[in-house]
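Going down the list, the sequences are from chains A and B. Position one of the first sequence corresponds to residue 45 (my numbering), numbered consecutively onward. Position one of the second sequence corresponds to residue 45 (my numbering), numbered consecutively onward.
Read the hints as simulated data drawn from the structure, not as lab findings. Please note that a few of the clues may not be correct.
The list cannot tell twin chains apart, which means a pair is met if one copy fits it or any two copies do.
DSSO-like, lysine-lysine: derived pairs with alpha carbons at most 30 Å apart [unchecked claim]:
| # | residue 1 | residue 2 |
| --- | --- | --- |
| 1 | 119 | 332 |
| 2 | 138 | 203 |
| 3 | 119 | 203 |
| 4 | 205 | 119 |
| 5 | 176 | 77 |
| 6 | 73 | 138 |
| 7 | 259 | 77 |
| 8 | 203 | 259 |
| 9 | 205 | 176 |
2 protein chains.
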Amino acid sequence: MEPNGESEVRVVIVGGGFAGLNAALVLGKSNRKDLRIQIIDRRNHHLFQPLLYQVATAGLSPADISTPIRRALRKCRNVQPMLGEVQAIDAESKRLVTSCGDLQYDYLILACGATHSYFGNNQWEERAPGLKTIEQATEIRRRILLAFERAEVETDPDKRKALMTFVVVGGGPTGVELAGALGEISRFTLSQDFRNVDPSRTRIILIEGGDRILKSFDAELSEVATRKLEELGVTVWTSMRVTEIDDDGVFMGEERLNAATVLWAAGIHASPLNTDLDGELDRMGRIKVQSDLSLAAHPEVFVVGDQAHALIAPDNPAPPLAPAAIQMGRAAARNILRDLQSQARQPFAYLDKGMMATIGRAAAIVQFRGQRMSGLLAWLAWCFVHILYLISFRNKALVLAQWMWSYFRFGRGARLITQREWRFMQQDTGRK
Amino acid sequence: MEPNGESEVRVVIVGGGFAGLNAALVLGKSNRKDLRIQIIDRRNHHLFQPLLYQVATAGLSPADISTPIRRALRKCRNVQPMLGEVQAIDAESKRLVTSCGDLQYDYLILACGATHSYFGNNQWEERAPGLKTIEQATEIRRRILLAFERAEVETDPDKRKALMTFVVVGGGPTGVELAGALGEISRFTLSQDFRNVDPSRTRIILIEGGDRILKSFDAELSEVATRKLEELGVTVWTSMRVTEIDDDGVFMGEERLNAATVLWAAGIHASPLNTDLDGELDRMGRIKVQSDLSLAAHPEVFVVGDQAHALIAPDNPAPPLAPAAIQMGRAAARNILRDLQSQARQPFAYLDKGMMATIGRAAAIVQFRGQRMSGLLAWLAWCFVHILYLISFRNKALVLAQWMWSYFRFGRGARLITQREWRFMQQDTGRK
Chain A
45 MEPNGESEVR
55 VVIVGGGFAG
65 LNAALVLGKS
75 NRKDLRIQII
85 DRRNHHLFQP
95 LLYQVATAGL
105 SPADISTPIR
115 RALRKCRNVQ
125 PMLGEVQAID
135 AESKRLVTSC
145 GDLQYDYLIL
155 ACGATHSYFG
165 NNQWEERAPG
175 LKTIEQATEI
185 RRRILLAFER
195 AEVETDPDKR
205 KALMTFVVVG
215 GGPTGVELAG
225 ALGEISRFTL
235 SQDFRNVDPS
245 RTRIILIEGG
255 DRILKSFDAE
265 LSEVATRKLE
275 ELGVTVWTSM
285 RVTEIDDDGV
295 FMGEERLNAA
305 TVLWAAGIHA
315 SPLNTDLDGE
325 LDRMGRIKVQ
335 SDLSLAAHPE
345 VFVVGDQAHA
355 LIAPDNPAPP
365 LAPAAIQMGR
375 AAARNILRDL
385 QSQARQPFAY
395 LDKGMMATIG
405 RAAAIVQFRG
415 QRMSGLLAWL
425 AWCFVHILYL
435 ISFRNKALVL
445 AQWMWSYFRF
455 GRGARLITQR
465 EWRFMQQDTG
475 RK
Chain B
45 MEPNGESEVR
55 VVIVGGGFAG
65 LNAALVLGKS
75 NRKDLRIQII
85 DRRNHHLFQP
95 LLYQVATAGL
105 SPADISTPIR
115 RALRKCRNVQ
125 PMLGEVQAID
135 AESKRLVTSC
145 GDLQYDYLIL
155 ACGATHSYFG
165 NNQWEERAPG
175 LKTIEQATEI
185 RRRILLAFER
195 AEVETDPDKR
205 KALMTFVVVG
215 GGPTGVELAG
225 ALGEISRFTL
235 SQDFRNVDPS
245 RTRIILIEGG
255 DRILKSFDAE
265 LSEVATRKLE
275 ELGVTVWTSM
285 RVTEIDDDGV
295 FMGEERLNAA
305 TVLWAAGIHA
315 SPLNTDLDGE
325 LDRMGRIKVQ
335 SDLSLAAHPE
345 VFVVGDQAHA
355 LIAPDNPAPP
365 LAPAAIQMGR
375 AAARNILRDL
385 QSQARQPFAY
395 LDKGMMATIG
405 RAAAIVQFRG
415 QRMSGLLAWL
425 AWCFVHILYL
435 ISFRNKALVL
445 AQWMWSYFRF
455 GRGARLITQR
465 EWRFMQQDTG
475 RK
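Okay, chain A solo, but in the shape it has when bound:
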């Protein structure tokens, strides 16, 4: 496909996550003077989502795992980052309707990611928040810490038991990491700090619908993870489905569990912007793309990251992991550059970088091209990969070093309960 007749080619990227940011970096560093690139996101920051559970469990501060998108792209002078929301896509007239006005494009890269899905029960969200944004992470942190505080002054033993019960729904990596961190906080970090409650008596229940947790890993590693979680005081219930969530806790069919805190990590669904596009959606709402990551009906529109269903083998789409998103973002950007140089586009080739999940201090599981690893060595590998990534974005080495250190010493640096409201009238002089 040829660029339009004008001297300037306009590329709009929607989303500043792993896929979108890496697409912008490839295009920005190409130094082509004829490119005008805009990247729009609802947030001003790129978020390192794999460590978001650490914010939710008071190990890291939000800023430790975020970088302003502007900052990451400051050297790409032909890229304009914009804070705003895309309201609609008009692919026929190559136009986006956004909160910053209409944006015209020659090429569009959609990298809006996914959010969690309540499988049609969106009313559960208030009771069982998911973990995709900084705000959700600090809300989860608030609920976890508040539950312990309330238990400390609760005199009714049943209510106290419910306050000390934490249910995590969903046994994927996020659910496992949340449950493991909860186990550690209650066993080690908080154990000295309370007078009336014994945080080591916390009940943490991880509920998984399938027959084992961490389905995307080998069965053997699932088993290792389950045992490790049990050592941290987490009860793993498989083949159980949550059928209702109410003010007091969760139902699983006839069974009922009273819990003050319920966290949701059970499913994701791609961005609803996909419904504006001409293409087939899969079960998770991802749109099916061609081998070059563009849409069949609109070769100037690329969809990448968790928003896309891109086959890497027959019947096998790219996994919803950061490395896949990074690779897809770069691949789409390179195909645009090939177009401009009148070269043929290349199909997306996925390089498997493996999968890892951590289950508390000094324990993790790693799976890499058929190899399996667990225990301390896997945890060190996990640390290495995560620190490396964060350093590549900003000079956060010291923060991370500090975190690893306190993590090792069972400290939690960010045990902050912040309120939902900022005004002092209600908060600071809020007397009856």
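Knowing the structure of chain A, use the given hints to seat chain B on it.
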């Protein structure tokens, strides 16, 4: 005063700021088995307020300057920290009405501090937030960063000018530090990151009602601070009074200034709990205490910190500074211990630790018992004192080192715009 006939003496401390926390530490470390100490606060964390302006201006994360009150008191086994709100004080029956139920006391230490005052114009708060809590600091950070983002996509030159205008009302240390940090952010940190706006063209106006800023310092240091602010691009207007704040900006009598961001640092008022007490209030709502920091009508009730009007010389109350609050908290606790040992109470003796204010990188002013200092040396003294304090509370040395380093390199690590709401339904799929 003798303790009551029972074997246990109940002390309740309200507030976990500098005064309350230090009172709890003195009582907790006394190792008296007959003491039962409860400390209640609306927040779970002690906040290092002198660095709060750094959170508001994206230099530090909230957790960097906060410590859970529980954590600070974990070794004091006879102290029970409680998260809750005091609704009323019944001094006659020695009883507090709180959100955790009623608390009976033999001794009461009130250390509820102060909040900002709009001098009867509370409706201004939505437009001009003050800076006393973490939530207010992140709200101010959100507004500052959002103003630049909006200016970047604004096409109307008048609106863009208003977006690039920041008004700080009040020329005390908080106002000066906020204005100075704003000057630095716009001149150095953000200057490379925008494409359409030039952050170094930001207008920052510091409005002070009196004839000079930093009234509590010597006139000579005020002058140094004013010049330093001007170097950072801050315009200082003295003898000006804000008479109205509306959606577009501020009025000063007939004059009008259009500004999207208005910050309030103009006055403080002591906790309204003082009105429940039998005693005389001063102009700032502080209650007048005796030389031993107790109330004349209720010698078992001590009032300390910013909530108290404690004379340190004729007509000269203790200043609203952290060192004074720390000393008052400790003095009240020691007088309780003296009561229990049947010793005479001691009058509060204030040890002047000086005052300091920082105006941007490598510049500060220090005043210490008649001595004056400014410039780089004063700034190093400022760093030293603040790091020392934070280290004494937690192993935050590394975080602080990292901060000083990036501060020196014009970086801002916490440039995060977070939303007011955490739910994803409105935020993450919030399409029309």
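How the hints compare with the structure:
Taking the shortest alpha-carbon separations for residue 119 and residue 332, neither the intra-copy value of 33 Å nor the inter-copy value of 58 Å comes in at or below 30 Å. Taking the closest pair of Cα atoms, residue 138 and residue 203 come within 30 Å of each other only across two copies (29 Å); inside a single copy the shortest separation is 57 Å, beyond that limit. For the identical chains of this complex, residue 119 and residue 203 are inter-copy neighbours only, at 28 Å across copies versus 55 Å inside a copy, given an alpha-carbon limit of 30 Å. In this homomeric assembly, residue 205 and residue 119 come within 30 Å of each other (Cα to Cα) only across copies, at 26 Å, whereas the closest approach inside a single copy is 54 Å.
With identical chains, the CA atoms of residue 176 and residue 77 are never at most 30 Å apart, being 36 Å at best within one copy and 48 Å at best between copies. In this homomeric assembly, residue 73 and residue 138 come within 30 Å of each other (Cα to Cα) only inside a single copy, at 25 Å, whereas the closest approach across copies is 70 Å. In this assembly of identical chains, residue 259 and residue 77 lie within 30 Å of each other by CA distance neither inside one copy nor across copies; the values are 47 Å within and 54 Å between. For the identical chains of this complex, residue 203 and residue 259 are neighbours neither inside a copy (34 Å) nor across copies (53 Å), given an alpha-carbon limit of 30 Å.
In this assembly of identical chains, the alpha carbons of residue 205 and residue 176 lie at most 30 Å apart only when taken from the same copy (28 Å versus 35 Å across copies).
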